[in-house]
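Peer 1: Taken in sequence, the protein lines are chains B and S. In short: position in the first sequence from 1, add 91, done, that's my numbering. In short: position in the second sequence from 1, add 2, done, that's my numbering.
Derived from the structure by calculation, the hints contain no laboratory data. Bear in mind the structure is a predicted one, so any value in this text is a computation, not a measurement. Careful: at least some of the hints might be erroneous.
Think about it this way: if two alpha-carbon atoms lie no more than 30 angstroms apart in a straight line, the pair counts; the simulated DSBU-like pairs of lysine-lysine are [to be verified]:
#: 1; chain 1: B; residue 1: K341; chain 2: B; residue 2: K209
#: 2; chain 1: B; residue 1: K315; chain 2: B; residue 2: K161
#: 3; chain 1: S; residue 1: K77; chain 2: S; residue 2: K89
#: 4; chain 1: S; residue 1: K231; chain 2: S; residue 2: K77
#: 5; chain 1: S; residue 1: K77; chain 2: B; residue 2: K341
#: 6; chain 1: S; residue 1: K89; chain 2: B; residue 2: K161
Which bits of chain S does chain B cover? Going by a derived footprint, with three or more residues having C-beta under 8 angstroms, they are [what the hints assert, rightly or not]:
#: 7; region: 129-135
#: 8; region: 241-248
Residues from chain S that keep clear of chain B, each with C-beta distances beyond 10 angstroms, as calculated [said to hold, decoys possible]:
#: 9; residue: D73
#: 10; residue: I78
#: 11; residue: A123
#: 12; residue: E191
#: 13; residue: S259
#: 14; residue: L271
From the three backbone atoms N, C-alpha and C, an ideal C-beta is built for every residue, glycine too.
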Amino acid sequence: MSSVTEQMTDAAATPARAQVSRRRRKIRNMLTAYSFIAPNFIGFAVFTLGPIIFAFVLAFMHWDGNNPIKFAGLDNFWRLFSDRAFHAAFWNTIIYTGFTVPLTLVCSLGLAILLNQKIFGRNFFRTVAFFPYVASLVAVAVVWNMIFNPDFGPVNMILYNLGVDPQNLPGWAADRHWAMVTVIMFSVWKMMGYFMVIYLAGLQGISSELYEAADIDGASAWQKFWRITLPQLGPTTFFVSVILTIQSFKVFDQIYMITQGGPGTSTLVLVYHIYNEAFISWNLGYSSMVALVLFLLVLVITIVQFRWTMEREENAA
Amino acid sequence: MSIAAEAPLKRPRRRVNWGLIATYAIVIVLTLTMLAPFVWMLSASLKLDRDVFAFPIEWIPSHPRWENYIDIWTKIPLGLFVYNTTKLTVIVTILQLVTSSFAAYAFAKLRFPYRNALFLAYIATIAMPWQVYMVPQFLLMRELGLNNTHLALICLQAFTAFGVFLMRQFFMSIPDELCEAARIDGMSEYGIWWRIMLPLSMPALSTLTIFTFVTTWNDFLGPLIYLTKTELKTIQIGIRMFITQYTQEYGLIMAASIVSLIPVLLVFLALQRFFVEGIASTGLKG
Chain B
92 MSSVTEQMTD
102 AAATPARAQV
112 SRRRRKIRNM
122 LTAYSFIAPN
132 FIGFAVFTLG
142 PIIFAFVLAF
152 MHWDGNNPIK
162 FAGLDNFWRL
172 FSDRAFHAAF
182 WNTIIYTGFT
192 VPLTLVCSLG
202 LAILLNQKIF
212 GRNFFRTVAF
222 FPYVASLVAV
232 AVVWNMIFNP
242 DFGPVNMILY
252 NLGVDPQNLP
262 GWAADRHWAM
272 VTVIMFSVWK
282 MMGYFMVIYL
292 AGLQGISSEL
302 YEAADIDGAS
312 AWQKFWRITL
322 PQLGPTTFFV
332 SVILTIQSFK
342 VFDQIYMITQ
352 GGPGTSTLVL
362 VYHIYNEAFI
372 SWNLGYSSMV
382 ALVLFLLVLV
392 ITIVQFRWTM
402 EREENAA
Chain S
3 MSIAAEAPLK
13 RPRRRVNWGL
23 IATYAIVIVL
33 TLTMLAPFVW
43 MLSASLKLDR
53 DVFAFPIEWI
63 PSHPRWENYI
73 DIWTKIPLGL
83 FVYNTTKLTV
93 IVTILQLVTS
103 SFAAYAFAKL
113 RFPYRNALFL
123 AYIATIAMPW
133 QVYMVPQFLL
143 MRELGLNNTH
153 LALICLQAFT
163 AFGVFLMRQF
173 FMSIPDELCE
183 AARIDGMSEY
193 GIWWRIMLPL
203 SMPALSTLTI
213 FTFVTTWNDF
223 LGPLIYLTKT
233 ELKTIQIGIR
243 MFITQYTQEY
253 GLIMAASIVS
263 LIPVLLVFLA
273 LQRFFVEGIA
283 STGLKG
């Protein structure tokens with residue numbers, strides 16, 4: 092009997108001890124893993140995750156930041172429909188995005204194709220094209236305003252010398268019909284270098300065999316562009332347009348510096364409206380409701396991207 | 003000055019290549035257009051205010067006014083602005099690099115409970131524009147008494163989902179076998195992170211450095227909301243303040259702008275070799 096029990100306890104003890112030490116190791120591994128994540132995650136949770144959750148709550152509140160916070164129900168939501176500035180901001184954001192995205196796409200693709208060829212000084216040209224993207228916005232926006240000064244800026248001087256009637260010279264940032272054009276031109280100029288780099292990476296991923304085969308078939312440069320380059324760049328173009336669209340929805344800095352949303356509300360955009368409502372009028376609840384609209388716009392684009400990427404991966408698999 | 007490695011130039015001898023000439027012509031015209039604002043800025047920074055708008059444009063000033071570059075330091079506290087911005091940018095960039103690569107190592111190479119859920123929390127916020135939650139964030143900072151401090155901006159920019167995501171994508175491409183071998187040799191996880199992962203991740207680290215440095219140095223809306231005291235201001239809002247105060251002093255404004263561009267230019271030129279590789283290898287190109 093006793094020997095049997097001894098045998099049993101022995102048999103039970105070894106795996107149990109092994110189990111204990113395995114569990115200890117598991118816990119130790121887990122703690123190590125969490126220690127890697129903690130420094131970033133704590134900061135991220137407090138300063139990003141928390142405020143995001145609070146933003147959704149705030150959209151349904153009335154608050155000026157000082158007096159007690161009050162539940163507003165759907166008040167802020169209904170106000171969106173009667174707020175003319177919001178309507179202007181919404182449509183201006185759509186117009187800005189609608190022009191900036193395709194223009195930047197075409198310009199950056201054109202630049203990438205030009206600078207993917209084996210030409211002398213190519214790296215210098217690439218650096219020049221990229222530089223506006225990293226240059227300080229305040230600095231380049233001031234220059235932009237000076238160059239496009241309606242009264243004595245060089246652009247209008249050149250137009251005048253080319254024979255444009257002084258009455259018809261564009262008023263650029265000071266003219267409600269031209270202000271948006273000025274901002275869009277600025278954004279395209281500033282951003283196209285970055286997307287050029289992404290397109291260059293895409294172009295380098297196209298197999299040269301495709302072009303060699305086309306050469307044997309006697310395809311023209313134009314045919315090669317439409318039949319090989321463009322289709323092969325499909326994923327890159329898609330990625331670039333998603334990123335660009337999201338960036339365009341969030342536009343603020345260049346508008347603050349070039350037009351201040353004006354003249355009138357001709358360049359007022361969503362983020363500008365959020366900024367005004369929050370930090371000028373202290374309607375914190377309502378500004379969060381406008382922010383929610385911005386979030387929904389971006390969410391739709393992100394879902395489209397996600398679906399598309401998943402499909403692509405499934406097709407590839 | 004290279005954005006990507008130069009492919010060997012070898013072309014058979016042939017007759018006049020009009021396509022190539024056209025390419026050069028277009029490239030040169032485009033480059034001049036892209037550069038024009040910067041050249042104009044540099045040229046205007048060396049002029050008297052009344053000469054800035056002289057037409058036809060005098061690209062190289064006949065009597066360069068170097069005094070503009072001396073006056074800006076006394077007319078506005080530019081030195082203080084540069085110091086503030088440098089301090090913020092360096093602290094944010096270091097914190098960002100260390101904490102992101104630290105967290106990314108766990109997400110890429112370690113197994114632990116809730117790994118996917120935690121990573122999803124990061125991913126979910128990447129597409130979330132900062133502008134959506136900047137108001138609650140401001141209220142939180144005010145509650146913590148961090149309004150009008152540099153600490154607020156550091157907290158705001160040092161722990162981004164983007165950094166963790168970028169580093170994790172890069173770490174995923176490093177073979178697990180390397181870590182396994184190091185573990186068998188008795189190296190701790192911290193040792194693997196420091197001695198193996200970081201040295202292999204120069205492209206990703208450089209990309210993150212450029213992005214963080216450039217974003218922090220050029221950030222406008224953040225300092226605009228948080229810093230109202232002149233002695234705390236960064237170079238961007240400092241120059242902006244200068245512009246609104248002295249609207250007509252074009253030469254000085256341009257000189258200050260040139261000064262604000264130099265650090266970014268230096269960091270960009272020093273690290274751009276790694277930059278394209280970084281963009282191409284971290285999934286930033288989709």
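Peer 1: All hints are to be evaluated individually against the structure, with a verdict given for each.
Peer 2: Outcome of the hint check:
{"no.": "1", "hint": "B:K341 <-> B:K209", "in the structure": "violated (37 angstroms)"}
{"no.": "2", "hint": "B:K315 <-> B:K161", "in the structure": "violated (63 angstroms)"}
{"no.": "3", "hint": "S:K77 <-> S:K89", "in the structure": "holds (22 angstroms)"}
{"no.": "4", "hint": "S:K231 <-> S:K77", "in the structure": "holds (17 angstroms)"}
{"no.": "5", "hint": "S:K77 <-> B:K341", "in the structure": "violated (34 angstroms)"}
{"no.": "6", "hint": "S:K89 <-> B:K161", "in the structure": "violated (40 angstroms)"}
{"no.": "7", "hint": "129-135", "in the structure": "holds (count 7)"}
{"no.": "8", "hint": "241-248", "in the structure": "holds (count 3)"}
{"no.": "9", "hint": "D73", "in the structure": "holds (17 angstroms)"}
{"no.": "10", "hint": "I78", "in the structure": "holds (13 angstroms)"}
{"no.": "11", "hint": "A123", "in the structure": "violated (6 angstroms)"}
{"no.": "12", "hint": "E191", "in the structure": "violated (5 angstroms)"}
{"no.": "13", "hint": "S259", "in the structure": "violated (3 angstroms)"}
{"no.": "14", "hint": "L271", "in the structure": "violated (8 angstroms)"}
In terms of the numbered hints stated before, the structure departs from hints 1, 2, 5, 6, 11, 12, 13 and 14, listed from lowest to highest.
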